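Peer 1: Here the protein sequences come in this chain order: U and H.
Under the working numbering, the first sequence has 35 at position 35, and the numbering climbs by one with no breaks.
Under the working numbering, the second sequence has 27 at position 27, and the numbering climbs by one with no breaks.
By construction, these hints were calculated from the structure, which means they are not laboratory data.
Do not rely on the hints blindly, as some may be mistaken.
[As the list claims (entries may be wrong)] The following label-pair restraints were derived from C-beta to C-beta distances: (1) 60(U) - 149(H): 51 to 61 angstroms; (2) 18(U) - 123(H): 16 to 26 angstroms; (3) 30(U) - 116(H): 12 to 22 angstroms; (4) 21(U) - 110(H): 26 to 36 angstroms; (5) 105(H) - 62(U): 51 to 61 angstroms; (6) 85(H) - 41(U): 22 to 32 angstroms; (7) 30(U) - 85(H): 47 to 57 angstroms; (8) 110(H) - 22(U): 53 to 63 angstroms; (9) 46(U) - 112(H): 34 to 44 angstroms; (10) 11(U) - 112(H): 33 to 43 angstroms.
For clarity, every value in this text was computed on a predicted model and none was experimentally measured.
By construction, the Cβ of each residue, glycine as well, lies at the ideal position given by its N, Cα and C atoms.
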Amino acid sequence: MNDSFLDEILDELLPEELDWADLVRRYPVPAVLLAAVGGFFLGRSHGPSILTAASSYAASEMAKNVNELLGQ
Amino acid sequence: MADTVDPRGPLEGAETARTYGNDTADDFGDAAADGDSDGETVVEAQDRFQGSQSRYQRVSEDVRRGAERARAEFQRGSERAREEFQRGSVRAREGYRHVAESARVGYDRVRTDAGRLGGEVSVFVREKPAQAVLIAAGVGFLLGMLMRRRDDDYEE
Chain U
1 MNDSFLDEIL DELLPEELDW ADLVRRYPVP AVLLAAVGGF FLGRSHGPSI LTAASSYAAS
61 EMAKNVNELL GQ
Chain H
1 MADTVDPRGP LEGAETARTY GNDTADDFGD AAADGDSDGE TVVEAQDRFQ GSQSRYQRVS
61 EDVRRGAERA RAEFQRGSER AREEFQRGSV RAREGYRHVA ESARVGYDRV RTDAGRLGGE
121 VSVFVREKPA QAVLIAAGVG FLLGMLMRRR DDDYEE
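Can you build the whole structure from these sequences, using the hints too?
Peer 2: If you want it as structure tokens, here you go:
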């Protein structure tokens, strides 16, 4: 996956004033652990709803692309 | 002892003893009748006493030898048990040392591998921070969902 695309995702998710890339480079292992713990609790508390939303978004995007491809 | 047991069986032995007793009584009677019974009776009593004494000495000698044999056997057995115990303790000590050495080598190897892996992870994270953070978050997300599902199954 393209690094700039992932950077954009994180830039959108995290506050603008937070220089997350510098923090991660400076503290690599704690940053990775923090991300894993955050993902764990997110999946534990809102896992199914996030998964449903993501799959719905992917389905709508796919339908939009197909429609564009068919010229409708 | 063995020379008093009649090998032909108890009934015939009893019969023999009765006959021998009768014969002995007859002999005593004859000796008394002969007039010189006092001297011969004393001599026979002395002979009998000496025979009993020698028999008693033989029996006591047998008992003494048996006791010595038993003591020697006991000493041999205790010596063998002591050697076996020492050999077992040496074997156990060697086994413990071997296991401890293996554990130490394994721990050192794991520590070295963990340090190398941590270094590689740090390098990867510094090179691609966004990818590393998202991968970690995704793995944590999947684990959280799996744990949630398992907890729901237990609650049902």
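Peer 1: Using the C-beta atoms of residue 30(U) and residue 85(H), is the stated range 47 to 57 angstroms upheld?
Peer 2: 55 angstroms, holds
Peer 1: Taking 16 to 26 angstroms as the stated bounds, is the beta-carbon spacing between residue 18(U) and residue 123(H) within them?
Peer 2: 23 angstroms, holds
Peer 1: Given the range 53 to 63 angstroms, decide if the beta-carbon distance of residue 110(H) to residue 22(U) lies inside it.
Peer 2: 32 angstroms, violated
Peer 1: State, for the Cβ atoms of residue 46(U) and residue 112(H), whether the hinted interval 34 to 44 angstroms holds or is violated.
Peer 2: Since residue 46(U) and residue 112(H) have Cβ atoms about 40 angstroms apart, the given range 34 to 44 angstroms holds.
Peer 1: Looking only at beta-carbon atoms, does the pair residue 30(U), residue 116(H) fall within the given range of 12 to 22 angstroms?
Peer 2: Hint holds: Cβ distance 19 angstroms, inside 12 to 22 angstroms.
Peer 1: Does the Cβ-Cβ separation between residue 85(H) and residue 41(U) fall within 22 to 32 angstroms?
Peer 2: 58 angstroms, violated
Peer 1: How does the Cβ-Cβ distance of residue 11(U) and residue 112(H) compare with 33 to 43 angstroms: does it lie in that range?
Peer 2: 38 angstroms, holds
Peer 1: Cβ-Cβ distance between residue 105(H) and residue 62(U): within 51 to 61 angstroms?
Peer 2: Given a distance of about 54 angstroms, which is inside 51 to 61 angstroms, the answer is holds.
Peer 1: Taking the CB of residue 60(U) and the CB of residue 149(H), does the distance hold inside 51 to 61 angstroms?
Peer 2: 26 angstroms, violated
Peer 1: Can you tell me whether the CB distance of residue 21(U) to residue 110(H) sits inside 26 to 36 angstroms?
Peer 2: Once the Cβ atoms are compared, 32 angstroms apart, the range 26 to 36 angstroms for residue 110(H) and residue 21(U) holds.
Against the hints set out earlier in the document, violations occur for numbers 1, 6 and 8.
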